[in-house]
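Participant: Now for the letters of each chain:
2 protein chains.
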Amino acid sequence: MPRRATYYGLILAGGRGTRFWPRSRRARAKQVLRFLGDRSLIQQTVDRLSPVIPPDHLWVLTNEHLRAEIVRQLPELPKNQILAEPAQRNTAPAIGLAAHILQSIDPNAVMGVFPSDHMISKPARYLRFVRGAFKSAAEGKMVVLGIQPRWPETGYGYIEFAKGASAGSLEPRAVRRFREKPELPRAKRYVKSGNFYWNAGMFFWKTSVLLDALREFLPKTATLLASLPAFANSRFSSKLKGAFPHCENISIDYAVLEKARGVVGFATDDFGWNDVGSWNALYELLPRDGSANVIRGEALAHASSGNYIDAEGKLVALVGVNDLVIVDTPDALLIADRSRAQEVGDVVKLLEKQRRHNLL
Amino acid sequence: MPRRATYYGLILAGGRGTRFWPRSRRARAKQVLRFLGDRSLIQQTVDRLSPVIPPDHLWVLTNEHLRAEIVRQLPELPKNQILAEPAQRNTAPAIGLAAHILQSIDPNAVMGVFPSDHMISKPARYLRFVRGAFKSAAEGKMVVLGIQPRWPETGYGYIEFAKGASAGSLEPRAVRRFREKPELPRAKRYVKSGNFYWNAGMFFWKTSVLLDALREFLPKTATLLASLPAFANSRFSSKLKGAFPHCENISIDYAVLEKARGVVGFATDDFGWNDVGSWNALYELLPRDGSANVIRGEALAHASSGNYIDAEGKLVALVGVNDLVIVDTPDALLIADRSRAQEVGDVVKLLEKQRRHNLL
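If you read the sequences in order, they're chains A and B. Using our numbering, the letters of the first sequence map in sequence onto residues 1 to 360. Using our numbering, the letters of the second sequence map in sequence onto residues 1 to 360.
Some hints could be false.
[What the hints assert, rightly or not] Covered, in the sense of this in silico footprint (three residues per stretch, anywhere, with C-beta under 8 Å from a C-beta of chain B), are these stretches of chain A:
id : stretch
1  : 22-28
2  : 180-190
[Stated by the list, open to error] In silico PhoX-like links for lysine-lysine, alpha-carbon gap of 20 Å or less:
id : chain 1 : residue 1 : chain 2 : residue 2
3  : B       : K314      : A       : K353
4  : B       : K353      : A       : K314
5  : A       : K314      : B       : K349
The hints are simulated quantities; they were obtained by calculation from the structure and are not laboratory data. Every residue, glycine too, gets a C-beta built ideally from N, C-alpha and C.
Take the sequences, apply the hints, and build the full model.
Facilitator: This is how it looks when you write it as structure tokens:
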């Protein structure tokens, strides 16, 4: 009788979350910010998973700018399991790297892949699906969690299940296709059909299964990763620095999942998932006062409603303004119309173009 | 032949300019702020008058909070000519006090009264009227400068001249009546009539004439002022502290000008007067960029126009916002709709009610 497989978690924390500028910076990205309560999004991710994955089985992939802060925020994780990618190469090489390392430590490893910057308001409900997904993955399947869509979002990819998926079932279902971000009319059809679910980037598989798939669908990256010495080897880090930048810059969805056969998924029901994609999304999540203002810090709202106000150490006075995002930091102040909060990322792009490194 | 009368100026600088909060504070009122160039409004007042009144003939009445800053900003004035009123008692007692002091120094003194917080963009043109007004005052008249109205403003008092006043004439004309701030329909009639001019608080008279008028129309204040020792007397300051708070709290317009006989005035033409009554008024005065934004400091305006942005030491990023006033200071940030900039004063009133002295 084979021994029960051990579950590992890979938390992907290399993103920047530029739409949360000026709070988010290279060294203070969205996942390390405290939006709700006193735990950052990545801390909440670790907390939430702990009943299923003990922290010493968690790995984090991030970048050089963020690693120190993440190490500080996650003292329960072994430091050497928080890795900085030598280059940003999207999710396929990152997941491949983690699978390679885990496989060398535990040939029976089953890994789950988790974003670091989402919110989940019903963690117990969520964990039922995580446990189910790990179980299916331990049986050799590639598994994905689908989020029941609440509106025809054009910013997410979709998972198309075989017809007849019933939300909330703990039985894995066959995935027919992965669909990239759709235009609005198509997104509407997806939501209406009932068997399209949001792809929130949560994947489960045996490391051996994923590495096989990489060899099949992304051989260059697979070969580069296979050339690395064992993780414990003192030359691992320098070899990684040499090899990783040559990996393909591609997502795991595109590189593997869209091509692999026999992928299954869980058509989950509501566990309060939210990827908090903008200041406006955060506003929608938070409790508001009688004038529909969300106030972090101190504000005096005169004939003003619907505003998100985030300032520390100063009074913010509003006079006759509505539906604004106001975020004050020592070196940058953002004032945006809430309905255009997505465009905050454009400001960051402009600052990058202007090489305003101190503001990034 | 009597010797030529000497001209003195009294600059009234006791106001707070609360509508310029959070830049304006008790100790940094509107008149000491630099809105245009590197000279504050009170410094510009002194500069502008200097061809007619040398600085050592200028006197300033202000309050305890502001005196130190004004002394610092006006080193060309003798320090003891910058006085703090022991209590805020509107313009009649303040002007009476200055007249009393000047009269004791120079029995032939002719004084002009000037606000400290207005802008005048054509000073040479302005000084022609100031000289004319001093000349009439030296002949014993009470003289007022009227500003040709540019719109039916309800926030100013009006001077009604005898019919037939022609704007820009250097001949003084009889004043028929002083009119208090009108409602809009009346203001419209005033502007249409052609012989109503704005009262900008610029008055000229021999100190002896003003003191006579005070004795006639405001005997209590006149008696209190007459009880003071000479200005040079060491007990002057303490006696003033005792007497001044008992003076009537009343404007010179209401106490004297509305009642006095034979007041004359100048119906001036445009010398670029502006009392800069709000952030919006300031916005209207300043040069704007291609998106009609006024930027003091550094800002990045993305799909945003018509904003007044005033922040030091940080980048302000705007996304899709229009016609706002944004003023950032270390302890307070104001964001107001430009069309409601007048209501900034209400915020200050609220802060006073809440006893937030550190923000006032």
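Participant: Name the hints, by number, that the structure is in violation of.
Facilitator: 1, 2
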